[in-house]
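Peer 1: Each chain, written out:
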Amino acid sequence: MIASRSVSQALFAAIIGSWLLVACGGGGGGNHDASKELTPTPVCDVVEIPHKRILQPNDLTYRQVVDTETWTKQEVGVGAALLYARGERDLGPYTAVVDHLIDRYEADQAEPPVDSPAPTTAVRRSADDLDGALAEGLCS
Amino acid sequence: MSAPPSPRVPRAGMRRLMLLSAAALALGLSACNITWTAGKTHGAIIETSAARASIGIWRAPTRVLYDVYGSAGITTVQDILCAHGTFPTLRLAVGKRSVSSDALKKKWCGYVRGDGADLRGALIDAQRQRDNCLALTLISSGAYIKNWTHKSAGCKTGSLQ
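Going down the list, the sequences are from chains A and B. Counted the way my numbering counts, the first sequence spans residues 1 to 140. Counted the way my numbering counts, the second sequence spans residues 1 to 161.
Pulled out of the complex, with its shape left as it was, chain A reads as follows (with noise of 0.2 Å):
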């Protein structure tokens, strides 16, 4: 009975551990190359039209947008754009960056007001992503 258990309970190990192993990318660390692991037509939907039509024209990246503490017209416009296009699509790594860029244009425009969202590591290193994927290409 005990070795049983014991069996299951190293399947079970096994089975999470190869999981981890194959989501983790091989465990080779967070240098992986995020465009290369998501079809970019999704991703593209949400995030070209601000980039080129925001960001680009006011010499802006999407970390910028994340860091900045107050928002002018510009990044309040990116916040806007993504919100309308975001829908429930799959943006992989990039979720992090636009879901907080989303959540902080509706913290910052709502009535009463509430506090808006800090950005965490995580959402700086998939700003990151974002803006070396665009630059390389991603969405051209």
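Worth flagging that the hints you see were computed from the coordinates, not collected in a lab. You can take every hint at face value.
DMTMM-like mimics (lysine to aspartate or glutamate), calculated; alpha carbons at most 25 Å apart, straight line: (1) B:K106 - A:E48; (2) A:K73 - A:D45; (3) B:K105 - B:D118; (4) B:K106 - A:E88; (5) B:K107 - A:D45.
Please build the complex by placing chain B on the supplied structure of chain A, with the hints as guidance.
Peer 2: Structure of chain B alone, referenced to chain A:
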């Protein structure tokens, strides 16, 4: 000493009140003849008394599009409207005039890009009127038209799908 009031009485009264409210709401909505039909992000608005049919933009409150306009101009609003939208599956029809869902999908970007000034005016008016619904009227008084406008009923808060 009198018996405590039965909880059934206020509950029944409350139920009756809710039924009356629902009936009043239904009556009010039918009076203004604005009906939402199926559609995830762009809803069909049929106003039978005016022989009018429109597409209401209700993916998000009008404020969102207004903020995009304030940031990047009406062309970007047109880009967003053209790129995103799930149309009603039902035919947009009033009397003998109708626009099928397929025709709507094919022509949508043309409608959106056709008259930026009209769209801008409607967007500004919608926002001034406390976040009214932005709408594109395609049939009015039984005739085909293309006219951006705004409507107060049924679409103030929108839907994020």
